[in-house]
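Novice: If you want the building blocks of each chain, they are given just below.
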Amino acid sequence: MKVLKLKKHNLNDYLDSLRVWGEVYGPVKQGEKYIYGQLDDLSKLDTKMLRTILPVKKFLMPPKFNTFTFDENKYKAELENIPNRIVFGVHPCEIHGLLILDKFFLERFPDPFYGERRRKTAILGLSCVPDDKCFAKSTNTHYVESGFDLAFNDLDNYYLVWVGSSLGDDLVRIRLDLFEEDIKEKDLKHYMEWRNWRDSQYKLNVNLTAMPDIMELNYSSPVWDELGDKCLSCGACSMVCPTCPCYNMSDQIRPSQFTGKRERTWDSCMFKQFALVAGGHNFREARSQRVRLWYTHKLKAFITEFGKAACIGCGRCIDTCPVDINVKTVVKALKGGK
Amino acid sequence: MANNVYLPEPMRIVRRYDLIDDVRFFQVRPLEMERALQLNYLPGQFMMVSLAGVGEAPFSISSTPSRPGLLEFGIRKVGIITEELFKLKENEVIGVRGPFGNGFPIDKFEKKDLIIVVGGLGAVPLRSLLLYTLDNRDRFGRIFFLYGARRPAEMLFRREFMELKSREDLHSMLTVDKDDTGRWTEQVGLVTALFKNLKDIDPQNTYATVCGPPVMYKFVIDEIIKLGIPKHQILMTLERRMHCGVGKCGHCVIGSIYTCMDGPVFSYWDVMHMKDLI
Amino acid sequence: MEKSTKVKFNQIRIPALARVEGHGNITVEVLKGKVKDVKLNIPEGPRLFESLVIGKTPEEATSIVPRICAICSVSHRYAAIRAFERALNYKETKATHQLRTLMHYGEMIESHALHAFALALPDFVGYPSAIAMVDKFAPQILKALKLKKFGNLVMEVTNARWTHGENATVGGFGLAPTHKQLFDIKWQAQELIADAEEMVELLRNLSYPTSMEDGIVFMCLKPPTDQYGFVGDRVLISTGEEHPIEKYKELSNERVVEHSTSKRCRYNDRPYVVGALARMNLLGERLRGRAGECFKRCYSLSWIRNPLYGNLAQAIEILYSLEHIPQLIDSILKKIKTLETDAKIQKQPTGTGKNVGAVEAPRGTLYHYYEVNRGIVTGANLVIPTTQNFDSMETHIRVAAQNLLANIENKPLAALTAQERKDIELIFEMIVRSYDPCISCSVHMVEVK
Amino acid sequence: MNKPKVGFYNLSGCSGCLLTILNCENQLLDVFNGAEVVSFLMAQSNNVEKELDIAFIDGSVTTDEQEEFLHELRPRTKKVVCLGSCSCYGGVQAMENEKGTWLKRFNKVYGKKPFKVVKPFESKPVDAFIPVDYYLPGCPIDADQFLYNYARLLRGLPADVPKTPVCLECKWHENECLLLKDKLCLGPVTSAGCKAKCPSHNLPCIGCFGPADESNLTSEFSLLKEKGYTFPEIERKLRLFGGVKFIKQFKSLWKKAQK
Ligand SMILES: Cc1cc2nc3c(=O)[nH]c(=O)nc-3n(C[C@H](O)[C@H](O)[C@H](O)COP(=O)(O)OP(=O)(O)OC[C@H]3O[C@@H](n4cnc5c(N)ncnc54)[C@H](O)[C@@H]3O)c2cc1C
Ligand code: SF4
Ligand code: SF4
Ligand code: SF4
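Protein chains in written order, with our numbering: chain A, 2 to 339; chain B, 2 to 279; chain C, 14 to 462; chain D, 9 to 267.
Be a bit skeptical, because a hint or two may be false.
[What the hints assert, rightly or not] The calculated label-pair distances, taken between Cβ atoms and stated as ranges, are:
{"#": "1", "chain 1": "C", "residue 1": "141", "chain 2": "B", "residue 2": "216", "range": "35 to 43 Å"}
{"#": "2", "chain 1": "A", "residue 1": "283", "chain 2": "D", "residue 2": "139", "range": "20 to 28 Å"}
{"#": "3", "chain 1": "B", "residue 1": "78", "chain 2": "A", "residue 2": "251", "range": "49 to 57 Å"}
{"#": "4", "chain 1": "D", "residue 1": "260", "chain 2": "C", "residue 2": "102", "range": "42 to 50 Å"}
{"#": "5", "chain 1": "A", "residue 1": "17", "chain 2": "B", "residue 2": "70", "range": "37 to 45 Å"}
Simulated from the structure, these hints should not be mistaken for lab results.
These numbers come from a predicted model, not from an experiment.
Glycine included, C-beta positions come from ideal geometry on N, C-alpha and C.
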């Protein structure tokens, strides 16, 4: 893989130059949290961000978007007006999340709505330093080798920049003059030191390796009932989780003519009507069953299906659930094995 | 995008009539013949049927791929989409996409005996299997067809199945829980009672397929197990809520299983070892 | 909707007033050619808001009171905020004041556009509704809708929703608008000025019936500067008097009447009028710019005798508000960097105190009075514009009835042709509508002690 | 095809829900062209009262006259749709319901010799008198939600309103969670549909869309208690807009809480 250097003070100029390719997004402070916001004004960029409220999935399958417009029975897919976008500041764990979504959406029965957005979204990764809610080291998602177009590694006054795709290479060429190509011995040393230091910064460890078995054994554990009593069914956990893909469909028409659109919105298995079928039968009526499904799906089913858990250790659920139901507490409760 | 799995394909309703009180038969075909010839699917698979402005819902295919060019459905009026479908007349156009789901493992059935057990609406997908095996009669061993309905008036495809009774290469048994007409010529009793008529079953060489209302499964499967048929040779179809049919929307998830892709046909072994399946 | 009470032989009755907010009906009794009794009956259900706010925090009360009426919800919110802030000694920051003014303009534009063009105008051109007018007046109706939409946009940007937004509250705003949003409003306002002027002309060229003309007393708030405006702490009266708003009780003298769930007001035992027409009569001379020119072009002595000019006054106020938005936004944008903090809600109101706050709602002067004890509301009194206008509406209907009957030689009512009856009824309705009554507002407000 | 006949009615309320319809300036012609609007007192004067396919009602029931009207309306109407929290739940004016203080409050406001035009009573939702087919909550309703459902209803489809809580839409807007900042936010127990307007402006949800389909009040209560709020304080907030529906839900909670 090609590796380059970019002086830190050149970052804004570089990002600015990328506008020739597409809209530029990056971490922006919102209150005390961060979001990926449009960088019409680069002074808003805040590279010290930890996790954003919503993950990059919001660009690839927005919370609400049209899939088709129709009249009578002619359907036209809405794939044309998707803009080119550059998202800067994506942390390694989240890129792992993207790789999971890629598998999910692009392998069996490729989803064109996701695919087209993915193709038109350049992912510019950025190294990070964990806080007490990150546990990417436990999930082994704290480094990433693929899934990005460029990846920036922050080393004091410059970035090491990995070029991860041919698009990434094109993007570099937009301002090649800002980059340096000769990586020296001392850069390597610098990088290794940084890695060691950064690895030592992980304070939270959540071990997921034994989860499939533990979950199986805990199928009827009272832990689920306790969690179910507490859960607000607000669905926030699913919204913020980088690997939650579930959605709902609804057709919208105009009052006076037969034209409309088929809209797709994020859904959550935490909601009561998620598994409700015609005739009123609900396969997961109780909240405890829903909480159990959520965690079973992330920590067990994905391992069966894709060989690894669908948790990337980003800590968003820890940061989000008002009643403290999250991978950390659930795993702890299950291992505590009541 | 050439292949958009979500894009409904317009199909015309060519025939439409009531099978029973609240279940209607729909025969549809693509607008163009070229496309009709390409239709390909397996018994046990389903299609997503779209009504613009109303929504989409999954329905099992009831026709057999051995009689190409057409798709047939048996649809029960239970909710929003089905109600609107019932309002449609012949020659109107609906959106259809698919086929989805695993379907029955026809190849594994080859040279084997087959017991097809049906309750109520389960006749819709299993008719596809039955007709397929009859159309390819020489590829399969003996075929037993067991169908139980509550009353004669509630038996789907009654006339069609009655006519099949005359076939010598098919052991067809039809039963009703109660005969309220006084003119019923077939059996009366639960479908499980028909099992005593199954003779000389070679369990290792037999597949059983079951589809019907949830209450029926337990009892029917008990009977099949009594015959000694291995759990992985007992197949059943399951239902869940679905909005995509292609393992994306998440509504049909059970543990690690997406009913729409890994099912809707499951073996009894799957059902036993995967929690929450039924 | 109303009970189908039989119309008596000596009555003209309009069973359900259309194209007004809320429920009202009119009965006029005539005896031997003389109008004996005029009643604007208000059967609107009481909701007892004054008692609902007791025991709540000022913030909660500020969320509750706008629900009195959707059409002037922003004014209710603003009046409540002013009352609470005056009672608890809060000083609004300049940024907060500017955003509140902008929000208030939004309501004026929306409410006036809805009333003047969609509810009142159809009468003058002989249609049952604005939608029905589309056949012949499509460009005008579309312009009216554009203006109304713009008013809504301004409220949405400043207050989070068209109706019952929660963003403006005691102490400031939850979130200030962005540069882009404000700039967009400015941009659109500039564009709409020409449309607004055209609508003023449209209304100016209508023919105004005169049968109800009679002298009226007007009242409105006196803006603190020598300009036109919609807030103030003093009240101007067309008799030449001026009073502080603290004297709102003596100015309005609310009383209960049998035929209405809304109370009634008088000043010095005379009906008086508040609203756009009152403001024009008292402050119109202060208008500058195109609104000022329009005022000069339109104003005549009839304005002090004929309530129907209220519609035209509203149109001029739309123009006034539109003209002021760009300069207001320019001045906000000057300090956009700190707008967010400058307009942010100050501390939670926990103090003790009592006071009145007033704003000009689209329909006239609106007083809110609260008593707060350690952060909990213990007393409330609200005086609503429509309540203040009811007596005047009845007076004008009485004058019109007398004159119209005289025109047809005081025929007994039973002898009126259907057309004659319809014509009379239309005038009654036009009178009521010209006040832009907001009936659900008017119903619930009286003092709780 | 005959257009469906619809009527828009207003009982005791602020008319904000009907105003919301009139505020759909861009779709207004659509709204009036898609159906035959036979009665809409607030917007037109050529109203006739006859058989209806759909009646939309905004406002709560507070007088005998309104009650009679509902009984007259129901038999001639195929579908009755409640617009807004007043008709769905009783509205803000129902916040003190079932405390037995109505008459006292009424007398305080109107004195001993009140009006005679109508006989008033404590605010009730429409379904306290007649069966209601669909509910579109909100104070006021959301315009997009109305237009979506209006089109559905005209086509003969049932209404479709969100059953999820405000938090869902709140997260879509990427707001900082106010509950986590110890504010008393009713988002988790309030029905979505408003596009999380308040939390998006740093203001806690005050519950104007009424209870969500599945409100875990017990958990919300204990969470808020941990954060230092008292039961009466929380109850007061929930009563503001939750109307009779929340009040029913507390009753059982009260019992539990007192244990
Ligand atoms: C694989 C499969 C095969 C099926 N085959 C048939 C068949 O051959 N004949 C038949 O009559 N029915 C069949 N069903 C059930 C059929 O899909 C539902 O009856 C139908 O979705 C009801 O839709 P509705 O809008 O009328 O009901 P509503 O209850 O109004 O549906 C509301 C929404 O829920 C979803 N939904 C509700 N129930 C189900 C359900 N059981 N499965 C999936 N989604 C649901 C729908 O997508 C719809 O959007 C099958 C279901 C599955 C999963
Ligand atoms: S687990 Fe937490 S975040 Fe998820 S639905 Fe329940 S309460 Fe909400
Ligand atoms: S701020 Fe309120 S609505 Fe938003 S997520 Fe938090 S609790 Fe839910
Ligand atoms: S956030 Fe809550 S109070 Fe605010 S508009 Fe939405 S539902 Fe109403």
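Novice: Are the hints correct? Go through all of them and say.
Specialist: Hint-by-hint comparison with the structure:
Taken as a hint, the range 35 to 43 Å is violated for the pair residue 141 of chain C and residue 216 of chain B, whose Cβ atoms sit roughly 60 Å apart. In this structure, residue 283 of chain A and residue 139 of chain D meet the distance hint of 20 to 28 Å, their C-beta atoms being roughly 24 Å apart. Taking the beta carbon of each, residue 78 of chain B and residue 251 of chain A are about 21 Å apart, not inside 49 to 57 Å as hinted. Distance hint for residue 260 of chain D and residue 102 of chain C: a CB-CB separation of about 43 Å, consistent with the stated range 42 to 50 Å.
Between residue 17 of chain A and residue 70 of chain B the C-beta distance comes to about 59 Å, which lies outside the given range of 37 to 45 Å.
Hint compliance for this structure: hints 1, 3 and 5 are broken, all remaining hints hold.
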